[in-house]
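**Q** If you want the building blocks of each chain, they are given just below.
There are 2 protein chains.
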Amino acid sequence: MYKKMEILAMNRFDPYQSAALEPGVSQHVARRAASFGASSVLFYAQPIDMVRAHGAYMFDAGGRRYLDLYNNVASVGHSHPVVVEAVSRQLTVLNTHTRYLNEGIEAYAEELLNTFPDQLSNLVMTCTGSEANDLALRIAQSKTNAKGFIVTRAAYHGNTAAVAEISPSALRHRAPASHVKVIDAPDSRLASNRNCALHFERSVSAAIEELNGSGVGFCALIVDSIFSSDGIFSDPAGFLQIAVQKVQQANGLFIADEVQPGFGRTGDAMWGFMRHGVIPDIVTLGKPMGNGFPMGGVVTRPELLQKFCEETGYFDTFAGSPVAAAAGSAVLKVLKEEGLLENAATVGTYLKQGLMDLKERSPRVGDIRGVGLFIGLDLIDPANGSPDPNFAGLTINALKENCILIGAAGSFGHTLKIRPPLCFSKEDANVFLEALDMALALNDR
Amino acid sequence: MYKKMEILAMNRFDPYQSAALEPGVSQHVARRAASFGASSVLFYAQPIDMVRAHGAYMFDAGGRRYLDLYNNVASVGHSHPVVVEAVSRQLTVLNTHTRYLNEGIEAYAEELLNTFPDQLSNLVMTCTGSEANDLALRIAQSKTNAKGFIVTRAAYHGNTAAVAEISPSALRHRAPASHVKVIDAPDSRLASNRNCALHFERSVSAAIEELNGSGVGFCALIVDSIFSSDGIFSDPAGFLQIAVQKVQQANGLFIADEVQPGFGRTGDAMWGFMRHGVIPDIVTLGKPMGNGFPMGGVVTRPELLQKFCEETGYFDTFAGSPVAAAAGSAVLKVLKEEGLLENAATVGTYLKQGLMDLKERSPRVGDIRGVGLFIGLDLIDPANGSPDPNFAGLTINALKENCILIGAAGSFGHTLKIRPPLCFSKEDANVFLEALDMALALNDR
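Going down the list, the protein sequences come from chains W and Z. Going by our numbering, the first sequence opens with residue 13, and the numbers climb by one from there. Going by our numbering, the second sequence opens with residue 13, and the numbers climb by one from there.
One thing to keep in mind: the hints can contain errors.
Claimed, not checked - Here are some of the chain Z residues that sit facing chain W, going by a computed Cβ distance under 8 Å:
| # | residue |
| --- | --- |
| 1 | Arg43 |
| 2 | Ser47 |
| 3 | Phe48 |
| 4 | Val53 |
| 5 | Met62 |
| 6 | Glu122 |
| 7 | Leu149 |
| 8 | Thr172 |
| 9 | Ile254 |
| 10 | Asp328 |
| 11 | Leu370 |
| 12 | Ile380 |
Unchecked claim - Listed next, with one range per pair, are the computed distances between beta-carbon atoms:
| # | chain 1 | residue 1 | chain 2 | residue 2 | range |
| --- | --- | --- | --- | --- | --- |
| 13 | Z | Asp449 | W | Pro129 | 53 to 63 Å |
| 14 | W | Gly36 | Z | Arg201 | 52 to 62 Å |
| 15 | W | Asp280 | Z | His185 | 20 to 30 Å |
| 16 | W | Arg77 | Z | Lys438 | 49 to 59 Å |
| 17 | W | Arg186 | Z | Asn263 | 38 to 48 Å |
| 18 | Z | Tyr56 | W | Leu202 | 55 to 65 Å |
Since the hints were made in silico from the structure, they are not lab data. Remember, predicted model here, so these are calculated numbers, not experimental data. We put the CB at the ideal spot given by N, CA and C, even for glycine.
Can you build the whole structure from these sequences, using the hints too?
**A** Next up, the structure:
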């Protein structure tokens with residue numbers, strides 16, 4: 013259960029080895045540590061001094077250009093001019109809260125809600141995905157009068173006190189609280205595709221019984237609809253259906269955390285839950301929503317929101333500002349005008365095929381999963397096929413030396429997490445495939 | 013204890029009276045309700061369709077210009093060109109997370125930390141004041157191995173699940189949880205100035221004993237250092253000292269919530285706690301930090317942060333981005349270059365004197381408190397001097413008709429909360445004083 017932290021640590025700069033740092037970097041790292049102390053987490057054995065980014069590329073202080081397969085916040089592309097211009101223009105005009113009427117936020121809400129099933133017709137704006145999940149938990153508890161949540165083993169849903177409790181991957185050295193039941197993700201590696209759905213449904217049912225039996229009561233199942241932190245599980249499409257039916261039969265709610273899969277990343281739909289033919293009771297949004305402008309949201313049915321608001325005063329100062337609306341509208345516009353869902357589907361399929369071909373050649377490559385521009389690739393020990401997180405760490409650092417940015421995920425920490433900006437091209441895919449091929453060969457010597 | 017909500021309701025648009033709305037506004041309100049449902053809260057009997065703002069002024073769709081004495085987020089002035097330009101420029105260059113090195117965020121952290129006492133040398137960036145307080149509570153609990161917090165009766169510290177629990181003014185229809193002890197704010201109206209400090213210290217001591225006695229354990233006293241929601245209590249300077257001493261003697265922590273008083277609003281110092289000659293263990297920042305760009309922060313001692321980070325993985329995706337750094341640096345620059353602390357002190361003193369003069373003429377004006385550009389003015393029933401929240405609501409709506417934006421606060425909901433952008437001028441003060449004089453006379457007929 014605590015493996016996720018190990019992989020983060022592995023891909024993390026180790027301050028106790030800073031003697032080996034280049035001089036410029038060393039000074040930077042010292043300044044960082046002086047101000048941010050223990051909260052500073054840097055990527056890579058040699059951290060990167062990043063100064064610029066555009067499209068799918070980032071540039072360091074030395075002028076090196078990196079192809080970005082890590083950052084899913086700048087989802088329509090780093091520094092996208094349409095988003096930048098919309099935000100910059102609105103900043104000169106008005107940036108205030110939602111207690112005044114404003115055409116911008118009203119139009120954005122309508123446009124965003126149009127991408128959801130009809131019954132999900134209300135939106136609450138927040139500033140982050142964490143705030144969205146924090147609010148979603150309370151809306152669910154208010155509706156069900158129960159406290160208990162079911163989450164997956166390596167899930168991460170955010171950083172507030174309440175949300176960290178339902179994020180097993182954020183809890184170091186301690187077990188989840190009694191109102192949280194942790195179950196296996198629907199891991200397609202562990203069973204046949206048919207059984208993965210069934211296995212998940214059975215785990216959910218057992219957890220519901222436990223929560224109801226213990227007096228905590230079953231409130232909701234919350235999942236990232238592509239199980240990003242658990243290792244990226246997307247197939248077979250529809251595998252969530254029987255579990256969600258069970259949840260709703262048990263008078264619980266289904267919360268789809270779309271912070272990572274949402275806004276078209278899966279290529280086949282705007283929202284990850286759509287791939288499974290289910291309708292959540294609550295959906296939470298974050299990361300790509302403003303392409304880096306801090307914004308998140310909760311989408312739900314009006315009656316759920318009504319009950320919560322009668323019990324608790326909720327207001328989020330910065331959320332839903334005309335500037336957030338401008339950022340959000342620009343993101344929706346670019347997604348549409350540049351055909352980024354189609355691009356995610358086309359380039360994602362091309363990239364996945366390229367990775368399948370690589371698997372044929374490399375005994376280091378294990379299972380490959382995912383859809384659109386969200387792909388997980390397991391790195392394994394060729395001797396016995398077991399997860400090799402150490403090799404994943406070496407590969408991530410080797411790819412960085414070859415100007416590719418990428419990270420890892422999954423319960424075992426051996427899954428390369430491939431989630432570039434959605435403007436990623438086939439040419440970019442070729443660059444990555446070649447670099448990965450080299451990194452695997454290099455580290456295998 | 014629940015009066016705060018009543019005053020919000022009073023200054024709030026009532027959707028059940030929408031028949032009286034002007035046609036354009038009515039359509040807006042209907043759209044707002046359709047998308048935001050029960051979460052939509054609008055100010056005023058006739059909500060304002062706001063389209064533009066600059067400096068201390070905001071403009072509605074009909075071209076009316078309002079003088080703003082309400083909004084403390086756009087603290088250096090709405091749409092300030094220096095902040096807008098800094099954010100816009102950085103957006104075209106790089107907007108990413110803190111796991112890469114970046115000169116911008118490192119320089120900002122140093123500049124910000126320089127405004128704090130030496131021992132408060134670490135910063136964690138967040139996206140909101142709520143996230144900052146949510147994190148501060150956990151840092152404090154980690155340090156003390158205790159759970160219990162002491163808060164003031166009408167306090168508001170933010171909107172996450174954990175922070176709402178320590179915000180009595182956000183809890184509708186229910187008492188605080190057992191780990192939260194609610195005490196009276198140091199209300200200078202209730203006792204002599206000397207006794208207000210002593211009374212507060214005694215309340216804190218009693219609450220510490222209760223928490224330790226109940227097994228919850230005393231963790232921290234958290235206060236907004238100018239008691240914004242409680243009714244604005246600033247004097248006598250130093251009144252927090254003996255209570256903070258008691259807290260620290262009891263091995264608890266003192267958390268100063270600077271979300272409202274911070275960044276120079278009190279005119280006499282950058283931070284509200286400085287007025288009282290105390291050094292907090294943890295300081296939280298928010299609202300004015302980016303002049304509307306969503307950002308917050310926690311400032312504390314390295315050893316406190318160290319302990320928390322060993323126990324819990326903490327990362328905030330959008331927080332500490334180069335764009336947040338640009339916004340924050342621009343705010344610090346403008347505060348300095350435009351002498352806004354000095355302006356807050358000078359204009360604040362002038363305004364307070366004007367209000368004192370008004371009190372001489374109007375039996376409706378009760379106690380006047382505050383410092384710099386954060387002033388509370390009680391509106392009372394002339395017959396018996398008792399709080400008159402209904403009259404406050406009438407006055408707020410009357411001032412709005414006269415193009416002045418203002419709100420109310422305090423346990424009794426009868427305190428006009430005067431906190432304009434810090435670029436507020438003596439001329440602006442004169443406009444407000446005249447309008448208030450008229451509103452008081454008008455509503456008194």
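**Q** Hints first: check each against the structure and report whether it holds.
**A** Now the hints, each set against the structure:
The beta carbon of Arg43/Z is positioned within 8 Å of a beta carbon in chain W (closest approach about 5 Å), and the interface hint is therefore held. The restraint placing Ser47/Z at the interface with chain W holds, with a minimum CB-CB distance near 4 Å, inside the 8 Å limit. For Phe48/Z, the shortest C-beta to C-beta distance to chain W is roughly 6 Å, which falls under 8 Å, so the interface hint holds. Given hint, Val53/Z at the interface with chain W, holds; its Cβ is 6 Å from that chain's nearest Cβ, closer than 8 Å.
Hint status for Met62/Z relative to chain W: holds, with the closest Cβ pair at about 4 Å, below 8 Å. A distance limit of 8 Å between C-beta atoms decides the matter here; for Glu122/Z the minimum to chain W is near 6 Å, and the interface restraint holds. The interface hint given for Leu149/Z is met, as the beta carbon of that residue sits about 7 Å from the closest beta carbon of chain W, less than 8 Å. Against a cut-off of 8 Å between C-beta atoms, the interface hint on Thr172/Z holds, since the closest Cβ of chain W lies about 5 Å away.
Of the supplied interface hints, the one on Ile254/Z is violated, with its beta-carbon coming no nearer than about 30 Å to a beta-carbon of chain W, more than 8 Å. Taking 8 Å as the C-beta cut-off, the interface hint given for Asp328/Z holds, the closest approach to chain W being about 6 Å. The beta carbon of Leu370/Z is not positioned within 8 Å of any beta carbon in chain W (closest approach about 27 Å), and the interface hint is therefore violated. Violation of the interface hint for Ile380/Z is found here, the shortest Cβ-Cβ separation to chain W being roughly 26 Å, above the 8 Å cut-off.
The hinted range of 53 to 63 Å is satisfied by Asp449/Z and Pro129/W, whose Cβ atoms lie roughly 55 Å apart. Range check, Gly36/W to Arg201/Z: about 58 Å between beta-carbon atoms, so the 52 to 62 Å window is met. Remark: the range hint 20 to 30 Å for Asp280/W to His185/Z is contradicted by a beta-carbon distance near 44 Å. The hint said 49 to 59 Å for the Cβ distance between Arg77/W and Lys438/Z, and at roughly 54 Å that hint holds.
The given range of 38 to 48 Å is broken by Arg186/W and Asn263/Z, whose C-beta atoms sit roughly 23 Å from each other. Separation of Tyr56/Z from Leu202/W is about 58 Å and conforms to the stated range, judged on CB atoms against 55 to 65 Å.
Checked against the numbered hints given earlier, the structure breaks hints 9, 11, 12, 15, 17 and satisfies all the rest.
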